[in-house]
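Protein chains: 2
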Amino acid sequence: MATLKNIIFTIVALAFCTMCTTSQKSIDPLPSWNEGPAKQAIVDFIRTTTDKANPEYVPPEERIATFDQDGTLWVEQPIYTQVIYCLDRVAAIVESKPELKDIEPFKTVISGNREAIAKLTIPDLEKIAVATLTGMSTNQFQDEVKKWLGTAKNQRWKRLFTELTYQPMLELLEYFRANGYKTYIATGGGQDFVRVFSMQTYGIPVEQVIGTAGGTKYAYDKNGKPILTKDPKMLLNDNYAGKPEGIHLMIGRRPIASFGNSIGDREMLEYTKGGSGSRLAMLVLHDDPEREYAYGPAQGLPDSKVGTFTQELYDEAKKSEWMVISMKNDWKRIFAFD
Amino acid sequence: MATLKNIIFTIVALAFCTMCTTSQKSIDPLPSWNEGPAKQAIVDFIRTTTDKANPEYVPPEERIATFDQDGTLWVEQPIYTQVIYCLDRVAAIVESKPELKDIEPFKTVISGNREAIAKLTIPDLEKIAVATLTGMSTNQFQDEVKKWLGTAKNQRWKRLFTELTYQPMLELLEYFRANGYKTYIATGGGQDFVRVFSMQTYGIPVEQVIGTAGGTKYAYDKNGKPILTKDPKMLLNDNYAGKPEGIHLMIGRRPIASFGNSIGDREMLEYTKGGSGSRLAMLVLHDDPEREYAYGPAQGLPDSKVGTFTQELYDEAKKSEWMVISMKNDWKRIFAFD
Chain C
99 MATLKNIIFT IVALAFCTMC TTSQKSIDPL PSWNEGPAKQ AIVDFIRTTT DKANPEYVPP
159 EERIATFDQD GTLWVEQPIY TQVIYCLDRV AAIVESKPEL KDIEPFKTVI SGNREAIAKL
219 TIPDLEKIAV ATLTGMSTNQ FQDEVKKWLG TAKNQRWKRL FTELTYQPML ELLEYFRANG
279 YKTYIATGGG QDFVRVFSMQ TYGIPVEQVI GTAGGTKYAY DKNGKPILTK DPKMLLNDNY
339 AGKPEGIHLM IGRRPIASFG NSIGDREMLE YTKGGSGSRL AMLVLHDDPE REYAYGPAQG
399 LPDSKVGTFT QELYDEAKKS EWMVISMKND WKRIFAFD
Chain L
99 MATLKNIIFT IVALAFCTMC TTSQKSIDPL PSWNEGPAKQ AIVDFIRTTT DKANPEYVPP
159 EERIATFDQD GTLWVEQPIY TQVIYCLDRV AAIVESKPEL KDIEPFKTVI SGNREAIAKL
219 TIPDLEKIAV ATLTGMSTNQ FQDEVKKWLG TAKNQRWKRL FTELTYQPML ELLEYFRANG
279 YKTYIATGGG QDFVRVFSMQ TYGIPVEQVI GTAGGTKYAY DKNGKPILTK DPKMLLNDNY
339 AGKPEGIHLM IGRRPIASFG NSIGDREMLE YTKGGSGSRL AMLVLHDDPE REYAYGPAQG
399 LPDSKVGTFT QELYDEAKKS EWMVISMKND WKRIFAFD
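Chains as they are written, first to last, in my numbering: chain C, 99 to 436; chain L, 99 to 436.
So here's chain C without its partners, still in its complex pose (with noise of 0.2 angstroms):
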């Protein structure tokens, strides 16, 4: 009989187990997120590709999410993060190379004049790319980024670039990797540049970063150990259609679910849309000038010089079924600081 009462008192334990987990379900997983179609999409998105009883269900190893990330996940204003560490880069590589210190465009960067560093060209700007992010070994441009990220701080907020991530998102991030999905970034800055924080960051692992990719070229160093330097040639550029070929290739799947928030995402949300069954794809749309900025034309303001999120994109989100996020009305906040 002590058997028997010990089998019911495991089942009962076993069935508070149980209550304890349908309890935690309950708790919100996105509490940053206002109530509304956004936060409401997102919720019956998941609900729906992970309920096996659904005729949409997406069995575990086809759930895969891409998200933009500047913009989408962390800010994109004034200039691009990865930008402003190529420009602070440059003192370094001109005290390396001093017969750089009197040749553009890197003569104006060490100047220190912000209205003539403000008017360099893109091709001066891919050639401060090129001799700020090519050339050394792949572990050597690891350790430069990191030491840069753990001192930069941003003009505005006086704060670390990493802490400036947008909460909500990672929210997002989490509730979607609790439910099974693989989130991977697909970005059109520099894959090895993100994934120096990419599992810091949004606990992101860097083999599911996708972005920018110039080739390596096998190497060994001065004690003979083999590594891998970074060369100019450029592999992916991860942006507009070589968003989904650059997914084709890291990934080989058609996402589910995608986020972004500017024209160099369009043919990834609509990749995505293109596939059968249930799909979520959604834009960011920065329209809080308090908290963070607004910027594109759903504000009646000229499209900023990044993250151009145009007239056009939003028709045609409107016309895809591309679900906006509203900054300002969908985010309880924007920061983890706020």
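Heads up, a few of these hints could be off.
Stated by the list, open to error - Straight line, CA to CA, 25 angstroms or less: simulated DMTMM-like cross-link-like pairs of lysine to aspartate or glutamate:
#1 L:K371 to L:D436
#2 L:K320 to C:E419
#3 L:K251 to L:D436
#4 L:K245 to C:E159
#5 L:K323 to C:E154
#6 L:K315 to C:E154
#7 C:K315 to L:E272
#8 C:K320 to L:E213
#9 L:K195 to L:D329
The hints are simulated quantities; they were obtained by calculation from the structure and are not laboratory data. The structure displayed is predicted, hence computed values, not measured ones.
Since the structure of chain C is already known, use the hints to place chain L on it.
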């Protein structure tokens, strides 16, 4: 008191479960391997890198193991399986483009003249590869390969090509995964080709297949649905130095263990061993003419056209503490059907 009893019962039950686990662990994870230095090296490596108390412990996120495919996971003689696929596809290509039937190398292939086919040059084979592996959508390609794999048979064994995988290596893949390793394929073969059967055959999901990869082009099918079409432009030649370069692009980490069988794997093994801590690099030696094939200079045989395991590689393996797996001596059986 009943409660106390229940607690004791629960503890006993838990202890019993732990015993089950322990007893399961003592089941040989590599039953198709003979006892010997190769098997011992594998078991020691896994024990060392997964034991938290060991100074060479590797945290789970860094547990990456990469496997060459042709000649390492499945038969590569007398000719790579993917080459057979391409030759078999020529008939279908010529049917849709009859103008090719009088043009070389297609004319030779459809003639069925084996001697002439065996003499095709590398540029000939490249033309055939471009015609049979590119131009279609990624989905169409998957369907074509899947269909072929379901019916085409190997001439010697009269079996599907996916049955010609090495049982000891399948056990090894599973053993690594059971110990928290992420297993990747790093093949000189086509990435999209291998992805078609990687999960079913090796338990490796498509996103963990690194291979020689052409680009894709974002496009729309006749219904306006977004697709990707396979482009002849080479993105990654996943051979020699291309293996560590591809591994960096796709994973962004240096593997802790890697497995190959030819000079095309040399840099991957060297790169793997170049990291700090415990590392495992192994080469499969084809020295079993009865049960499979014998080739390479270790058998005093001239190099074969494929899977070149040179004397130089053999010497380097000894010098660099790479382990050589003798198919004849280390493997109890070669195939699951043996």
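Hint-by-hint comparison with the structure:
1. L:K371 to L:D436: Distance ~34 angstroms between K371 of chain L and D436 of chain L Cα, so the pair is violated.
2. L:K320 to C:E419: holds, 21 angstroms
3. L:K251 to L:D436: holds, 17 angstroms
4. L:K245 to C:E159: Holds, at roughly 22 angstroms.
5. L:K323 to C:E154: Status holds; Cα separation ~19 angstroms.
6. L:K315 to C:E154: Answer violated: K315 of chain L to E154 of chain C is near 28 angstroms, above 25 angstroms.
7. C:K315 to L:E272: violated, 32 angstroms
8. C:K320 to L:E213: Distance ~49 angstroms between K320 of chain C and E213 of chain L Cα, so the pair is violated.
9. L:K195 to L:D329: Holds. K195 of chain L to D329 of chain L sits at ~18 angstroms (cutoff 25 angstroms).
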